[in-house]
Amino acid sequence: MTTNTSSSVLAMRDTGPSPEAQISRDIVKRGVMVAPLFVAVSWLAWGTNGAVSSAYGLLLVLCNFMLAAGIIALAARVSYAVMLGSMLFGYLVRLAIVAFAIFVVRDAAWVDLIALGMTVVVSHIGLLFWEMRYVSASLAFPGVRPVPLTTKEHQ
Amino acid sequence: MEALATIARIAAEAGADPAAEKATAAAATAGYAYGLATLGPGIALGMIFGKAIESMARQPESAGMVRTTMFLGAAFTEALALIGFVAFILLKFA
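In the order they appear, the protein sequences are chains A and B.
Residue numbers for the first sequence follow our numbering, beginning at 1 and rising by one.
Residue numbers for the second sequence follow our numbering, beginning at 1 and rising by one.
Do not rely on the hints blindly, as some may be mistaken.
Quick list of simulated restraints, FRET-style, between CB atoms [stated by the list, open to error]:
{"hint": "1", "chain 1": "B", "residue 1": "Lys22", "chain 2": "A", "residue 2": "Val78", "range": "48 to 58 Å"}
{"hint": "2", "chain 1": "B", "residue 1": "Glu2", "chain 2": "A", "residue 2": "Met33", "range": "47 to 57 Å"}
{"hint": "3", "chain 1": "B", "residue 1": "Ala20", "chain 2": "A", "residue 2": "Met66", "range": "39 to 49 Å"}
{"hint": "4", "chain 1": "B", "residue 1": "Asp17", "chain 2": "A", "residue 2": "Val78", "range": "51 to 61 Å"}
{"hint": "5", "chain 1": "A", "residue 1": "Arg133", "chain 2": "B", "residue 2": "Ala5", "range": "45 to 55 Å"}
{"hint": "6", "chain 1": "B", "residue 1": "Arg9", "chain 2": "A", "residue 2": "Pro36", "range": "45 to 55 Å"}
{"hint": "7", "chain 1": "B", "residue 1": "Arg58", "chain 2": "A", "residue 2": "Gly126", "range": "28 to 38 Å"}
{"hint": "8", "chain 1": "B", "residue 1": "Ile43", "chain 2": "A", "residue 2": "Ala96", "range": "54 to 64 Å"}
{"hint": "9", "chain 1": "B", "residue 1": "Pro60", "chain 2": "A", "residue 2": "Leu74", "range": "42 to 52 Å"}
{"hint": "10", "chain 1": "A", "residue 1": "Lys29", "chain 2": "B", "residue 2": "Pro18", "range": "40 to 50 Å"}
{"hint": "11", "chain 1": "A", "residue 1": "Thr15", "chain 2": "B", "residue 2": "Arg58", "range": "14 to 24 Å"}
Covered stretches of chain A (chain B as the covering partner; in silico rule of three or more C-beta atoms under 8 Å from a C-beta of chain B) [stated by the list, open to error]:
{"hint": "12", "stretch": "41-55"}
{"hint": "13", "stretch": "72-84"}
{"hint": "14", "stretch": "95-108"}
Because the hints were derived from the structure by calculation, they are not lab data.
Where is the CB? At the ideal position from N, CA and C, for every residue including glycine.
Build the full structure now, drawing on both the sequences and the hints.
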């Protein structure tokens, strides 16, 4: 005999603190920390246009993370079913927003497409790896720096 | 097939200049590249969210951990789509 749990799953929701919001806050914090580095490298490689494009690309990536986390956090308070739907639909919407944001400025005088594209890809993956390092160290509390063991604890 | 024939015709019209021919072919195929690049992440995101919700339904007490790994996994998967989009932009406009 099987039990139909689909209705209860659809009705389930999570009213607790949202880990996605914490992760995205960490990512934004680190993104702001490394922003001067991205801008400086792009300025060295592509000049002033590259630096401005790099800053714009980094802004896009950070907004994308914040939007994704906000959508999950809000939808999870309604129900898991809404969270599933909003994340899949939100993926399309966020891709469209990023595409629109790049298409709008692609012919602008201050845009260097190579710098913009490289910044979007490198910052997205780099910030995720940086965050993953902390999450994997403390899965339940992302963003908390792991405390090194003392010599006594080792023994 | 018709699209491939169009690409071949455009490439043939580009003349003997190999660089122009290459640039024309790259621009013509950029859309296909982006379309293919979004297929994989789309399927993967469906699996990630589906399995995560299944896990949370089975063990609600581990929802925080599941959502953390789900968010990171989804973000990594989205990176593939972003790479495809950047490749499209660079092939088409750069």
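Quick rundown of the hints versus the structure:
no.	hint	verdict
1	B:Lys22 with A:Val78: 48 to 58 Å	holds (51 Å)
2	B:Glu2 with A:Met33: 47 to 57 Å	holds (51 Å)
3	B:Ala20 with A:Met66: 39 to 49 Å	holds (43 Å)
4	B:Asp17 with A:Val78: 51 to 61 Å	holds (58 Å)
5	A:Arg133 with B:Ala5: 45 to 55 Å	holds (50 Å)
6	B:Arg9 with A:Pro36: 45 to 55 Å	holds (49 Å)
7	B:Arg58 with A:Gly126: 28 to 38 Å	holds (34 Å)
8	B:Ile43 with A:Ala96: 54 to 64 Å	violated (19 Å)
9	B:Pro60 with A:Leu74: 42 to 52 Å	violated (19 Å)
10	A:Lys29 with B:Pro18: 40 to 50 Å	holds (48 Å)
11	A:Thr15 with B:Arg58: 14 to 24 Å	holds (19 Å)
12	41-55	violated (count 0)
13	72-84	holds (count 6)
14	95-108	holds (count 5)
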